[in-house]
Amino acid sequence: MQGQSQQQAYDRGITIFSPDGRLYQVEYAREAVKRGTASIGIRTEGGVVLAVDKRIRSPLMERTSVEKIHKADDHIGIASAGHVADARQLIDFARRNAQVNRLRYGEPIGVETLTKDVTDHIQQYTQVGGARPFGVALIIGGIEDGEPRLYETDPSGTPYEWKALAVGADRGDIEDYLEANYEEAADLEGGIELALRALAEVNDGELRPESIGMATIPTETETFTEVEDDEIDSYLAEFDLLAAEDDEESDDAAE
Amino acid sequence: MQGQSQQQAYDRGITIFSPDGRLYQVEYAREAVKRGTASIGIRTEGGVVLAVDKRIRSPLMERTSVEKIHKADDHIGIASAGHVADARQLIDFARRNAQVNRLRYGEPIGVETLTKDVTDHIQQYTQVGGARPFGVALIIGGIEDGEPRLYETDPSGTPYEWKALAVGADRGDIEDYLEANYEEAADLEGGIELALRALAEVNDGELRPESIGMATIPTETETFTEVEDDEIDSYLAEFDLLAAEDDEESDDAAE
Amino acid sequence: MQGQSQQQAYDRGITIFSPDGRLYQVEYAREAVKRGTASIGIRTEGGVVLAVDKRIRSPLMERTSVEKIHKADDHIGIASAGHVADARQLIDFARRNAQVNRLRYGEPIGVETLTKDVTDHIQQYTQVGGARPFGVALIIGGIEDGEPRLYETDPSGTPYEWKALAVGADRGDIEDYLEANYEEAADLEGGIELALRALAEVNDGELRPESIGMATIPTETETFTEVEDDEIDSYLAEFDLLAAEDDEESDDAAE
Amino acid sequence: MQGQSQQQAYDRGITIFSPDGRLYQVEYAREAVKRGTASIGIRTEGGVVLAVDKRIRSPLMERTSVEKIHKADDHIGIASAGHVADARQLIDFARRNAQVNRLRYGEPIGVETLTKDVTDHIQQYTQVGGARPFGVALIIGGIEDGEPRLYETDPSGTPYEWKALAVGADRGDIEDYLEANYEEAADLEGGIELALRALAEVNDGELRPESIGMATIPTETETFTEVEDDEIDSYLAEFDLLAAEDDEESDDAAE
Amino acid sequence: MQGQSQQQAYDRGITIFSPDGRLYQVEYAREAVKRGTASIGIRTEGGVVLAVDKRIRSPLMERTSVEKIHKADDHIGIASAGHVADARQLIDFARRNAQVNRLRYGEPIGVETLTKDVTDHIQQYTQVGGARPFGVALIIGGIEDGEPRLYETDPSGTPYEWKALAVGADRGDIEDYLEANYEEAADLEGGIELALRALAEVNDGELRPESIGMATIPTETETFTEVEDDEIDSYLAEFDLLAAEDDEESDDAAE
Amino acid sequence: MQGQSQQQAYDRGITIFSPDGRLYQVEYAREAVKRGTASIGIRTEGGVVLAVDKRIRSPLMERTSVEKIHKADDHIGIASAGHVADARQLIDFARRNAQVNRLRYGEPIGVETLTKDVTDHIQQYTQVGGARPFGVALIIGGIEDGEPRLYETDPSGTPYEWKALAVGADRGDIEDYLEANYEEAADLEGGIELALRALAEVNDGELRPESIGMATIPTETETFTEVEDDEIDSYLAEFDLLAAEDDEESDDAAE
Amino acid sequence: MQGQSQQQAYDRGITIFSPDGRLYQVEYAREAVKRGTASIGIRTEGGVVLAVDKRIRSPLMERTSVEKIHKADDHIGIASAGHVADARQLIDFARRNAQVNRLRYGEPIGVETLTKDVTDHIQQYTQVGGARPFGVALIIGGIEDGEPRLYETDPSGTPYEWKALAVGADRGDIEDYLEANYEEAADLEGGIELALRALAEVNDGELRPESIGMATIPTETETFTEVEDDEIDSYLAEFDLLAAEDDEESDDAAE
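Chains as they are written, first to last, in UniProt numbering: chain A, 1 to 255; chain B, 1 to 255; chain C, 1 to 255; chain D, 1 to 255; chain E, 1 to 255; chain F, 1 to 255; chain G, 1 to 255.
Worth flagging that the hints you see were computed from the coordinates, not collected in a lab.
Please note: incorrect hints may appear among the correct ones.
Heads up, simulated DSS-like pairs for lysine-lysine below, C-alpha to C-alpha not over 25 Å straight-line [what the hints assert, rightly or not]:
no.: 1; chain 1: A; residue 1: 71; chain 2: B; residue 2: 116
no.: 2; chain 1: D; residue 1: 71; chain 2: F; residue 2: 116
no.: 3; chain 1: F; residue 1: 71; chain 2: F; residue 2: 34
no.: 4; chain 1: A; residue 1: 116; chain 2: A; residue 2: 71
no.: 5; chain 1: G; residue 1: 71; chain 2: E; residue 2: 116
Where chain F lies over chain D, by a calculated footprint (3+ residues, C-beta under 8 Å) [said to hold, decoys possible]:
no.: 6; region: 42-55
no.: 7; region: 196-210
Reference excerpt, derived from the structure (chain A facing chain C, CB under 8 Å, subset only) [as the list claims (entries may be wrong)]:
no.: 8; residue: 18
no.: 9; residue: 127
no.: 10; residue: 182
Glycine included, each C-beta is placed from N, C-alpha and C at the ideal position.
Given only the sequences and the hints, what does the whole structure look like? Please build it.
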């Protein structure tokens, strides 16, 4: 185990190895991810659910402008956590790759293929000098060959496939909840319920509709679909997660 | 929480992550924004209002040369706060993109599209080496599909959409005022009043016409329009915000 | 032997020689390899066996997404240990070279040729500035001219040929076991048994099927073949290595 | 407020932000401007007057070789203060832009357009690495659409429009004098008198003709015209500013 | 003579001169050579003998994969000591040059020409920035115009011609032995005996066949020829240098 | 005023501004000029005289190889002081520009034009990174439109026009002498006498012909002409400046 | 005069000026020259003599491989002292330039022209970043227009012409001897005698033929001619400089 002063020697300038084989700039980029509010992905038989915690800085800010869920292609959605501007770069990269795939092969890109295109792009920023790593994690979900698929990209450029996961703040607590409650055979609404309950778990058991973003890619339609605010409201009411209206504004501005 | 000496290690040279996942150069660029006088954007049903605090260094300086409001296209205006020369680069970038859009698609560029072109450009300066971030924040307002839209770009390259916002000095105090008094359904003059009252709030309750810049993009005309000095004078009189004439020169030269 | 403070002087920035002729960045990259779980390669008369320890971070993570065994070509497989994203870059490089060889010469690439293409690529990252070394070791195994061949690439870019080897965590202990028990004339199942017993040696003598990945390239078929989970299960039962089911989840997330 | 040792951390190498949002290299370039002798610009109805303090290092040096006033185009003149060699680069840049404008559009370049071309060029040297900022300020004056215009460029790349201004040494004292005595409606000779009296103000009330450079761009002729030495002599006599002849040589060599 | 702390100042980053005119990075690369096991070259009338000490890390490692002798062309062999991956780069460079010579001039490349091609390539890595020197020394031997020739390349890029030499560990002791026992008029077997006895001199007087690599380029055949293991065994027996079989494994892994 | 330790912070690496607006690398390059022996330029009605102090390191060195006076074109000569190899680069640059001017415009280049081409080239090395400034000053003299002209270039890239000047060692003392004795209306021989007497002033009142270099560009002939050794000898005798012959060798090797 | 610690500040990284106007990297490169054994050039009426001290590291090293005298063209030879690999680069550069001259102009290159081509090339390595200076001095001698010419290039890129000179170790002592004994009107053998006696002066008055290299370019033949070993032997005997044979091996390995 190293002390503070030695650690400093390995985390400046370009991304290089520390004596114990770690890449500090990549680990610090992971900290940037943790500074973002949580995003959740759930894969059920009924499809993929993406749900995000959208903490709004001010009631004058448009909720829609806090973009944490993006459509990458008709059949693929991406949720992000961490550095917002970095996320936009990767989303653009993903969209272009999806588009090129349709043009070149006449068919939608696979979820796994798209994920690995993105992670290989991320890896370059951890090995070649002149740039810093991306400070963002993505959850990439969609339907491939009729099957729902759910992936994670992290700042090191490693792809992982998940049944259900969270990235960003409180990841550990949310994953504990998911592990205890996940059921693969659930239908889409089951996935939505699990996602909302997991989010509520780290929000004192209740949620405000305006601080939730949600999208689904149902196995049946294979189509990325944003869940409207009133639907979210209904779900929260149904699951008894709706927060009281008395203190509407959030103080915590991190996102 | 880190001490002073360790912080220094992460804010020199190129933009890299600190151990807690922050980008200091971007945060310092935000300080450069705060060093500039305030700019305000208000979105009402009647259109978008841009209003800026133009502190003039000397009575011999031409007021018009302190450019904080710019026309980006017929239907879009931009107000800036922070490093003036940096703002000019981004305004030029925005104008070229607006022009290219008209040439390529035969139609005016969307306010959101233009904003995101600008923020993606800004993000590059926070990730790739060999340059510093832009030390400026922009308020981009205009009419898109008949609807007024209002956006912010910050030095990290993140786009936000707002109903009403301030950037630059005293942002916090102005936003408090805006939150308390904003009415979305107001007409354009309501927006002008709110903007001027918010500016007065951080200027001891009174304003001098020569230190105010203002432009509107009315929903009806969809046309960027500078508000003339005598009109500003009339508004200030009407709202009882007109400063006494006795001490005409401002000492404070920051802009 | 040098003290701590002097060592620091030679391991920052680009890869340069220390006064005693060492390349610290390469040695630190070797530490990155040791941080990965073990991968094993066995060459017998019956063919090549690749076996890897796949420690899964969570039961919700798809086992298949922890990719440590890759097919490089019909007749060649690659197992890796260390930095996963770096491994993917080298695997891609290897696959492209294999493909080009088939296109250019109309025949499968030799295992040795492919290994040396990869190591020469790795070496460049240890000599030319602007990038860090690869933090990964590969085991490249396959059939060449009817003979099983087994190679290692390390972060310095040196190729080695082995009868049996391990890379990653616990390399020393596993190699001791392999040296004591290796029989070159064994058939493929003999190789599989040796690989599993060696892995069990550093896992308290028992293994869980879900944390094992395995593939073979039999001398007879010359075809890369993944060993299915139920087959692994059977092998573990046959060799009396099957772990009890009571504590299914692994705490140790390093991979 | 920061101490000495911390400040050092932000002013080395390339131009980056300090924690309080300042660009030290740009501020130091402003110091280089202050090291140069003063240059003055006056805009009256009669036209633009440029006047400079030409401190000659030795009686053997040709006065004309201390170039602080330059013709940029027939209708535009530029006075500089600060690093002489840097000024020459910007003058060349301005001349080329003026020439290109005539070739491309068949008409003289606007004074504002030319100024902004120059400031945008200057800004690049404050943001992109590999070069230092320009250590010079320019006063750009001329006639545009029949109106006299007067601009300043500073090392940050910000353009300002003025009625009357000074750059270089003693800027503050000269501007105080200008503010107290400026009359916009004056004719050209009024502008000349103001310029000379302002210069005399920081030279013990008297001037030597050989240390003064002067040029005008009259509104009527729209033509850059150098004021000859004997004319300057007459003006100084007329305004009772002529220094006694007894100690002809100047000791102070800064320019 | 300089102390420790001052020396550090000249051996970081790119290769530059120290105050006493030395290139530390080149000297440290020489240390990398010394970390490798010894390689020997002998030139007799009968031809060139290359002999190397191949310390194998493990009995499971294939001896042939420790490549220290390489065929550069039909008539030229190269033995190396030091950083193995660096050696491979230079061998590849040499082979390409030899091949190009045959294609361009229709004749085999001269041993001296090839050596100087290699050393000029090496020198570039000691003068131009952005890369470190090569950490390897080569012995290049072959037949040119019917005469055996033997050269050395060192990390500075200097070519030397030798009658007999050693590079790598124990160079000094082996060269003492060679100087005392070398006979230029010997036949090829005389060269082989000298090479083996010199290697034995630094191995307690006895050698194991499996840790020896040997090749010859006889004057008569002008053809690079690897000496087979059983031949080496016979030679060792003949010269009474054969080690006892009792402790087969070597502990010392440096190569 | 700054202390020693702070100064160090601003004079390393590339050329950047110090807090007081100075460019240390340029100032140090001026020191390199002072380390060179003196060069003198005199402009009279009769033409331009260039005279240099050629301190020869050894009697075995050819005097002509200490090149401090160069012909740039038929009508222009250049004398240098400072870093000899740097001077050669600038002379080459000047010659090429003079040649190009003749080719392009069919007429000889102006002395002022040539000077400014050179100074603009010099300035680039003080602003753009990756190179150091030129450590040399030039005296460029010639005939332009029938008039003798005399210029100086310094390491900052500033051009000056002079009646008479010195660069290099003892500049101050020589210029004092020139100021006291210069007569513009002198003929060429008057210029030669002044130049030699000024050089003698800083050489104990006497000169050795072999340590003097001299050239003229007479107004009448407009042709660069080297003054032969015997002529110099005659001039020294005529002006009673000839040193005694007893101690022929100079100890001081600076040039 | 500066102390040790301050000096360090100016001699790292790229070649920049120190506060007193020196280029430390160039001065250190001169130290690299002094670390090499001496090379001598003599110009007499009979032609040019090049003589070098070839200290051989071992009796097994071929004397001819210590190359300190090179043929640049039929009529030009070059002797070097200092970093051998650097010398080879400059010799190659010189040979290519000589060859190009013959191709382009159909005549042999002048000795002065060739020298200045080389020094201008050397200068680039002292001004532009990314490489270190050349650590070698060359003596370039040959016949031009029927006259023998003799030049020196040093690491700063300055060319000097000499009657006789030495570079490398003991330069001062050898030049003292040359100054005392040089006769310009000597024939070629007179030059050879002077060169050998000067070398002997710093070798205890006696020389071994095998440690001497020599070449001549006679005025009559204008052809570079190596002096054979037996001729050197004869000369040494004739001049009574032949060392006794008893201690054949040299300990001192610097060259």
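**Prompt:** residue 116 of chain A and residue 71 of chain A: Cα distance at most 25 Å?
**Reply:** holds (17 Å)
**Message:** Given a cut of 8 Å on the nearest C-beta pair, is the interface hint for residue 127 of chain A held or broken against chain C?
**Reply:** With a closest approach of 5 Å, the residue 127 of chain A hint holds.
**Hint validity - residue 18 of chain A Cβ closer than 8 Å to any chain C Cβ** = holds (6 Å)
**Message:** Would the hint linking residue 71 of chain D and residue 116 of chain F be met if the CA-CA limit is 25 Å?
**Reply:** Distance of about 16 Å is within 25 Å: holds.
**Request:** Starting from residue 71 of chain G, check that the Cα of residue 116 of chain E is at most 25 Å away, please.
**Result:** This hinted pair holds, its Cα atoms lying about 16 Å apart.
**Request:** Mind checking the alpha carbons of residue 71 of chain F and residue 34 of chain F for me, to see if they're no more than 25 Å apart?
**Result:** Judged against 25 Å, a Cα distance of about 23 Å means the pair holds.
**Message:** Would the hint on residue 182 of chain A be counted as holding, given a Cβ-Cβ threshold of 8 Å to chain C?
**Reply:** With a closest approach of 6 Å, the residue 182 of chain A hint holds.
**Item:** Pairwise hint evaluation, residue 116 of chain B against residue 71 of chain A, where the allowed Cα distance is 25 Å at most
**Value:** holds (16 Å)
**Request:** With a C-beta cutoff of 8 Å, work out whether three or more residues of the region 196-210 of chain D approach chain F closely enough for the coverage to hold.
**Result:** violated (count 0)
**Asked** Are 3 or more residues of the region 42-55 of chain D near chain F, judged by a Cβ distance of less than 8 Å?
**Response** Contact hint for the region 42-55 of chain D vs chain F: violated, 0 residues under 8 Å.
Of the hints listed earlier, those the structure fails to meet are numbers 6 and 7, in rising order.
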